[in-house]
Every structure is written in C-alpha cells, then in structure tokens.
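Peer 1: Here is what each chain is made of, one letter per residue.
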Amino acid sequence: MTGYLSDVAALARKDLVVELRTRDTVPAMLLFIVAALVVFHFALPEGSSRLAAGGMLWIALLFTALLALVRAFVGEREEGTLDGLLLAPCDRSAIWLGKTLSVLAFLLFAEAVALPAFALFYEPLTWELVAGVALANVGIATVGTLLGAMAAATRARELLLPLLFLPVALPLVIGGVGATLADEPGRYLAFLALYDLIFAILSWASFEYVVTE
Amino acid sequence: MIRAYGLGRRFGERRVLKGIDFQLGQGEFLLVTGPNGSGKTTLLRLLAGLLAPTDGTLEVEIDRGRVGFLGHEPLLYRHLTALENLDLYGRLYRVSERRERAGMLLERYGLWEVRAEPTASFSRGMMQRLALCRTLLHQPELLLLDEPFSALDTQGAELLDAELGGNGPRTVVVASHQPERIAAHSTRRLALT
Amino acid sequence: MSTSLRNNGAALLSLAAAALLVAGISLALFWAPEDVDQGILQKIFYVHVPVALTAYAAFGWGAWKALRLLWKGGDRYDLESYTAVHMGVIFGVLTLVTGSIWAKASWGHWWVWSERQLTLFLILFLFYSAYFMLRYSTDPGPRRARTSAVYALFGVALIPVSFLAIRLAEGLIHPVVFTRDGPQMDGAMFLTFCVCLAGMLALGGGLYLLELAGKRADASLQELRERLT
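Here the protein sequences come in this chain order: A, B and C. Counting from 114, one number per residue, gives the positions in the first sequence under our numbering. Counting from 1213, one number per residue, gives the positions in the second sequence under our numbering. Counting from 592, one number per residue, gives the positions in the third sequence under our numbering.
Derived by calculation from the structure, the hints in this document are not laboratory data. Ideal Cβ positions, reconstructed from N, Cα and C, are used throughout, including at glycine. Be aware that a few hints might be false.
Just a few of them, taken from the derived set where beta-carbon distance is under 10 Å, the chain A residues facing chain C [what the hints assert, rightly or not]:
#: 1; residue: Val130
#: 2; residue: Met263
#: 3; residue: Tyr301
Produce the entire structure from the sequences given, and follow the hints as far as they go.
Peer 2: Take a look at the structure:
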C-alpha cells in the first residue's frame, strides 16, 4: 500500500515539477478563464439575472478544465515517456491517480484566481458555490484523466477529448449549477458526491485497459 | 526464461511479425538481426510487455520490475534533470539506495557534471547514455536493447561494450541491423526477414 | 455451422418482429382505446417507448459484452459490443425522432426540455456518437477493443446518473409542465404496449444478429485472404 501511494506521489510530483519549470498549462488556464468571464459580461444581455452569471461560471470551468486535461497525456505520448511508466512495476492505476492529482492541482490553482475574479465581476461567492466547484473538480479530474488517456491514443487526440468529455461532464454541470443557484443546494452537492464516487471508481478500475496495448 | 511459439503481431491490416519461435534460457545473449522494418523493434516491445501478441504465445518468466528496456526513445523527461529522472525511476523500481546507485551510474557514464541539468540541454549521445543509466538502474535480470549503439557517441559505445561483456547472470536480447559489434558477446542469433 | 445457426436466429427473430409489430400496430391503431387527453396522437407512445426501451436494452447488452471483453478478451466480444451499441444508437435516433413528433403533437413544439426521456436520450446520443468517433480514430487492434469496451461501460453508468441529474434539474431550471409518470394504462392499452415492446425488441435483436453475421463474414473473409497470401 505504501508502495502504491509512494508511486502516486512520485508521479504527481513529477507533473507538478515539470509544470513549475515549463509553466505551460496553469497560466494558460488562468488567462482563459478570466477572459471567458469577461466575454460573458458582453455576451449576457443587459439585466440578466445572477442566475445566468452563475451558469456561465460553470461553462468557463468546464472548458478551462479541458485545457488541462488535453495536456495531461498528449505530452507523455509525444515524448514517449508513457512507455517508461508502463514498463515500471507500478500499478497502472497509480499512473492514473498521479495524473488525476496533478490535474486537480492545476484546477485548484486556476480556480484560486478565477473564483475571486468571478466574485469581483459578478456575484459574491457562497460556500455552496465553492463546495460545488470542489466536488465537481474531483469528477472532472477523475473522468477527464481517463478520457484524456483514451483520446491521446487515437489519431485525433486533442480533438477527440471534448467530444468524449462533454456528455459525461453534463451531470456535473447540472449538479454544479444547482448547487450554485438552487434554494436547497444540499441535494445537488450530494448528487455531485455520488457522481464523483461512481466515476472515480470506474476510472480507477478501467485505466489499465485503456493504456496498455 | 523466454519462450515464443508462433509469435506474431499485427497492427490493423499490417502483419509485422509472423511465426516467431525461439527459446532463451537464463544467462544467454540473443542477437536479433534483420533489415529495417523486419520487426526487431516490435519483437523487443513484445518481450518488454509493452505490446501483447496478436498471434501465438509468448512466455517471459520474469517480473516487470526486473526488466530493463532501452528502445528508440530515451524515455526521459526533458524538463527534469538527469538526477531527477533517475530518482523517479529509482522510486518506481524500488531501487534500494537509489541516490547512491544513480550517482554511481552517472559517474560511470560520464554524466556526473551535468547531473543537475535538465535533459533538454543534452546532446543525443548524452541522452542515450542517460537512457542507459535508466535501463541499468535497477540491475535488471533481463536486458532488452533496441539498436543501442545507434545513438551513442564513442565514449558511450565503449562503455556499453564493457557493460555487455561484463559479468552477471543477466539474460540479454539486443536488436541491431549492424551486428558486428555485438557478435562478440552473443551466444545465440535470431534473424528476422 | 455456427454462422448458419446465427443466420437462422436472425431470420427467426426478424419474422417474429414482423409478426409482432404488425400485430402491435394494428392493435394500437384499431383496438386500444384513445387517450382522453391527447387523442389519437398519443398512439405514437406505442412506438416511442418500446423504441426507447430497446435502445436501453441494446446499450445494456453492449456494456455486458464489453465487460466480457475486458474479462476474457477476444475479438468476438468486441464485435458484439460494437454492434449492440450501433443498434442502440439507431434506436436512440428513432427515439429522439418519435419523441419529437410526440412533443409536437402534444405541446406544439418539436423539442421540449422538460421531457425527461428525450433529454436523457440526447445526452446518451451525444455520448454514444462519440463512441464511434473514438473507434474511427483508433487503429484496429486490441487497444481499440478495450478502449471501446471501457467507454461502453461508462455509458451504462451514465444512464442512471444522467437520469438523476435531469430529475434534479427539472425543479430548478425548467418548470415541470407535464409529468409523465409511467404507464397508467388500462388493460387493453397495456397489452398493446407489451406486444409492441416485444416486437421492437425482436426487431432490435434481429437486426443485431443480422449485422453481427455480416461483420463476422467480413472478418472470416479477411482471415481467408490473409491465409492465401
């Protein structure tokens, strides 16, 4: 068990160190999501309710997440380093978990800027919103990493990931928007937790089938 | 240790390997020859477990963690330093005293001075030498080398020669389309067409 | 021998389907009572719901075969899973079309978001369409089979999750205009429904076996060609 966790930690750390040095992903995510929030201001007609703004945030989050997810495995494939990880005696699911944690970290960094920006431009943050985002992050990272690995092995690569990801992420949007705007956010938060549980387990278990040849 | 019966591998419509039969015992040194495109790389990847056969059977009686594989790609992270790369693999392969072992290998292969440089700045020869370090880091019992001399500089080539000629109960499989160099070490040959 | 057996199965099911569907539609049009609220246009329900259920059954079958593939491996499960998903998408499109017709007839719009089934099917349609994109973009081989299988399993997990999500969403975003609580049908309607359902399932099964036989024949031909060269 400790070997497994140590593998996961080593792999996640590797991704974070690489990101720290290249600064490829997180700055792009930050810029994108803030730009999206600004665009929404002009896209929403005058007098739009707070409801619309809340919904828009989730669109922004989803597409920003895609930026991180696309890069998760395409780099490994292109440099061939995924083979190195597959040769190692570590559990395949550890590779998945390491990647998921690093994607999660990138999302958190981006949101650390995006959520205050949202509060500045539109609506003050509520704890339900933040909780919804946190729960949705888990769902996005777990499923997205698995689908990212799938897409990276195809010819279409980055083009395929949004197609694969958006239908599966739809329930997250529903849950998230519900948590943000509904009178009783508890149900939606519970739903998000359920989604996370089901799909995290599925992704964890099926990763090895997706990544071996 | 390795047994192949009617081994074959298809990629979609293309059949790259067909009807390969051989057995390799522990400690033997197999040289795989053949022109480009004859499937040497595919065979090595099958032995490494990176590919599964589509025809026939292949038995490799060894844990994944005891296999060392050097392919066409160095399998190194460009933005990590040489030491960091070896540290990562050392962890994944559960190498005991990995820092010492990494240091020893880096010295032996003339990379000690650049140990803290990101590998993106390495020349091709240096990359291949570091890849060799990665391959040998965990003292593998089965060594799989795909055209190892092709990217090596003279210094590295000499070191590899020494390594291959060295002692140890290792089983080695080397693929090369220029077998003269390796012929001296090998005990068996397999020619692919 | 096995091919002809399967062909017989396909032929048998197709005959059964034809018989059941003719019977079912006749019953629906001439025997089952008209719905008080919606009149004769409600009768499309006898096609729409069986088609939807057949689609679900197809996706479920595809997921089952996918599971078998991951468990045991082998080309045959891949073919079966793929064909089942294909059937599911065909029937899914039919569900959307018939549902749309029904919506137009009932509420005057070609699309109604509050109609849970339709929204769910739209999501599934998007999901399983991506399944085909995934397959086309991957080179044939064990990897494509396994990746498709995993995706098919995700689809099946998505069905209840999406359903739950849509239920939750209704209260919030789209006011619930009409509730469709499942069949509150009297005996005659129920019988008609069952006949139509059986017919649709038979049709789905027949088409599945037919397509499967065709694909298997292709594969055998391929193999023979290879042996000759």
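Peer 1: Does each hint fit the structure? Answer for all of them.
Peer 2: Each hint, compared with the structure:
no. : hint   : verdict
1   : Val130 : 29 Å, violated
2   : Met263 : 5 Å, holds
3   : Tyr301 : 6 Å, holds
In summary, the one numbered hint that this structure violates is 1.
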